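Student: The lines below spell out each chain.
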Amino acid sequence: MIAEIGHFALVLALCVALVQAVVPLVGAGRGNAAWMNVAGPAATLQFLFIAVAFGALTNAYVTSDFSLMNVAQNSHTDKPMLYKVAGVWGNHEGSLLLWITILALFGFAVTLFGRNLPPGLKSRALAVQAMISVGFLAFILLTSNPFARLEPPPVNGQGLNPMLQDPGLAFHPPFLYLGYVGFSMAFSFAIAALLEGRVDAAWARWVRPWTLAAWVFLTAGIVLGSWWAYYTLGWGGWWYWDPVENASFMPWLAGTALLHSAIVVEKRDALKSWTILLAIVAFGLSLLGTFLVRSGVLTSVHAFATDPARGVFILLLLCAAVGGSLTLYAARAPAMKMGGLFAPVSREGALLLNNVLMATGAATVLLGTLYPLIADALNLGKVSVGPPFFNAVFLPLMAPMVLVMAAAPMMSWKRGDLAGVLGRLKFIAALALGVAMLVWFLQGGSAGPWWTGAGFALAVWLGLGTLWDLTERIGLFSRPAGALARAAKLPNSAWGMVLGHFGLAVFIVGLTASSAWTTEHIQSQKLGETILVGGFGVTLKSVDQVPGPNYTATRATFEISRDGKAIDVMTPEKRMYRQPPRPTTTASIRSGFTGDLYVVIGDPDPKGGWVTRLYFNPCIPWLWAGSLLLIIGGLISLADRRHRVGAPTRAASAAAKA
Amino acid sequence: MTRKQRRLYFVLLGMLALGGAVALVLTAISDSLVYFYSPTDIVEQRIPEGRRMRIGGLVENDSLVKDGKTVTFKVTDVTNAVPVTYTGVLPDLFREGQGVVVEGRMDKGGQFKATEVLAKHDENYMPKEVADALKKSGQWNDGKQQK
Chain A
893 MIAEIGHFAL VLALCVALVQ AVVPLVGAGR GNAAWMNVAG PAATLQFLFI AVAFGALTNA
953 YVTSDFSLMN VAQNSHTDKP MLYKVAGVWG NHEGSLLLWI TILALFGFAV TLFGRNLPPG
1013 LKSRALAVQA MISVGFLAFI LLTSNPFARL EPPPVNGQGL NPMLQDPGLA FHPPFLYLGY
1073 VGFSMAFSFA IAALLEGRVD AAWARWVRPW TLAAWVFLTA GIVLGSWWAY YTLGWGGWWY
1133 WDPVENASFM PWLAGTALLH SAIVVEKRDA LKSWTILLAI VAFGLSLLGT FLVRSGVLTS
1193 VHAFATDPAR GVFILLLLCA AVGGSLTLYA ARAPAMKMGG LFAPVSREGA LLLNNVLMAT
1253 GAATVLLGTL YPLIADALNL GKVSVGPPFF NAVFLPLMAP MVLVMAAAPM MSWKRGDLAG
1313 VLGRLKFIAA LALGVAMLVW FLQGGSAGPW WTGAGFALAV WLGLGTLWDL TERIGLFSRP
1373 AGALARAAKL PNSAWGMVLG HFGLAVFIVG LTASSAWTTE HIQSQKLGET ILVGGFGVTL
1433 KSVDQVPGPN YTATRATFEI SRDGKAIDVM TPEKRMYRQP PRPTTTASIR SGFTGDLYVV
1493 IGDPDPKGGW VTRLYFNPCI PWLWAGSLLL IIGGLISLAD RRHRVGAPTR AASAAAKA
Chain B
26 MTRKQRRLYF VLLGMLALGG AVALVLTAIS DSLVYFYSPT DIVEQRIPEG RRMRIGGLVE
86 NDSLVKDGKT VTFKVTDVTN AVPVTYTGVL PDLFREGQGV VVEGRMDKGG QFKATEVLAK
146 HDENYMPKEV ADALKKSGQW NDGKQQK
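Chains A and B are the protein sequences, given in the same order.
Here the first sequence is numbered in the working numbering, starting from 893 and rising by one per residue.
Here the second sequence is numbered in the working numbering, starting from 26 and rising by one per residue.
Because the hints were derived from the structure by calculation, they are not lab data.
Bear in mind that the values here come from a model prediction, so they are computed numbers and not experimental data.
Mixed in with the good hints there might be a few duds.
Here are some chain A residues pointing at chain B (derived, C-beta under 10 Å) [said to hold, decoys possible]:
#1 Gly1253
#2 Ala1255
#3 Lys1274
#4 Pro1288
#5 Leu1295
#6 Asp1497
Here a beta-carbon is modelled for each residue, glycine too, at the ideal position from N, C-alpha and C.
Given the sequences, and given the hints that come with them, work out the whole structure.
Tutor: Set out below in structure tokens:
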């Protein structure tokens, strides 16, 4: 019964969304306030209906109602409660329901926080949101109904794929979707602005917090996914340039560019049509990501069971959204008035340069990701594009970006003084070169790859350059007396920038060191045998069978020693789940400042002993620390009073400028 | 700086970035494309040894031999099979009779030396290339493979 209510609520939500997509738009076109005012209540109602549907499905999972096909196929009574709830979005139908729930939540948030939005902009933006809703609700109802019944209901479910029974992955999809769908806000506002024919600083102030929030969620989602892959797949890697990973990375790149170009719109009233285009592209890439993951057109190491027929529907949605919005853009963007002028060497110029580099980077990732599809369609043979392509193309594009990143915040708006900025950074540059040479010397010259020095130099340049800029702003060395007070007065957005940029520098250290100096030992190890990995002695002590809540584990016990002294015990497992009967690997990881010791137990060797895989992955914790700094930076920036969702009005911002 | 100059700057910047990207793509793509073959392709066409490639098919039943950390098995599309050697720990979902994609190089003796063995997170999932290869050799069984 509850399931039928959920299904019915989805149908009602579709009806409401249809009204919300049409009436406010017509009202805004005719200047009819009553029609425009339909948007707010409709968005609230739509959210309530969809929330009811989501609640109904969650209820079915929590109570293990196996008369629902979706629950029967993806859940089991033995599953811990966390994974019963996470099971709601651990499958195709449920994840789409989560998608649409988040979309409706964002629409609802506009009505909550958007009281001082201009009515025309608000009603148009909500109408565009409703159009997206209509598309996805129709998709769910027509092809992927999560409430389909199963007759007769089975006694127990088939269980959730054990690889997904993991805290990292339980929260990965919601965060990723909050990011993907969050870009729909920027998209809707961009379309509304195109319809209105007006983009100004108030528009940018409106779009920035939404974009920033979406960006923070997307960053967190990608990092959670990468972290999960690192510790559950047992391959010792954290990024494979796999199509599914790229699908989330492309919107991240476009979103990062959008975040920065929106600053230029807000502060300088320039780069308007470029920002609009980025908003369209960021959401278009989010839709493309959903399509790639859900359709299975690309072979991916992370692919789950998929159905190409459903992919066609998303592809049509994607074409309609991107095609329609780009057509509108082509028709309307040239009419947009260019705002403040600036010299190529200026903060705007630097932001634009990095925007272009990031957009080009996203385009090359897109090309590499879709090339197998293109080649297949053109009969050029079946190919896959792997990490060598992306490393050779994407990283060289990012290196100049990082170079500019350290200097850009020091430049003034409109017209910057390049020589002056470089003069202020000359010690940092010397230090970066010194570190590069030190790294080269420490790795034994050409015994390691040539680019390690470059990677470390970039990290030092960006990290210390960012900190140096901070010390200059608060006058830490020139006027140390009031430095703390000045630091406290810095706006949150400035702190967000410092943390974000510094976080990227930390990330680059982890990226460089872990890609260059990972050591891997695969061997058949006998009980009591010691293998030396990254300065640690790793001794296999015992292998036992240990029962878990819904699995049996083969647990190996390793003793870790340093200089002959035992310092720790590590217990990697190989688990065999009961339902579905499937094995998983649980690596044991010992993190330290210099890197991770990563231990995996394999199969028994018929000649005695066990196959073990032992890695030392240098500086991996730096990756997570850097990512965390990026997220914290985003959150702090989001807490800036000036960015608070709904704070600005057009009149107020005009007064502030005067 | 006038609007026209700025537009010119914008266009030049874009062209420079795109040009650089195209140059990078062209130099990288010929080395890093990995072609996909079915076991029949390998047996029938003389595929140059030493080139990095992927082979997809099913792991032949009773072909898996483990010798410490080195494993050998055969990848088959039922018509033909290719012997594969791999050093390392096999993915959890690797099993005889299931779909697999191996990446590596052919050596002189006609053995395929795999550096990567990909089996999917989900055992119901069949890599598209494997499904196509099986369809091509007429071994595709609709009822069995589809969930």
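Student: Could you run down the list of hints and mark each one as holding or not?
Tutor: Tested hints:
no.	hint	result
1	Gly1253	holds, 8 Å
2	Ala1255	holds, 7 Å
3	Lys1274	holds, 4 Å
4	Pro1288	holds, 6 Å
5	Leu1295	violated, 14 Å
6	Asp1497	holds, 5 Å
Hint 5 from the list above is the single one not met by this structure.
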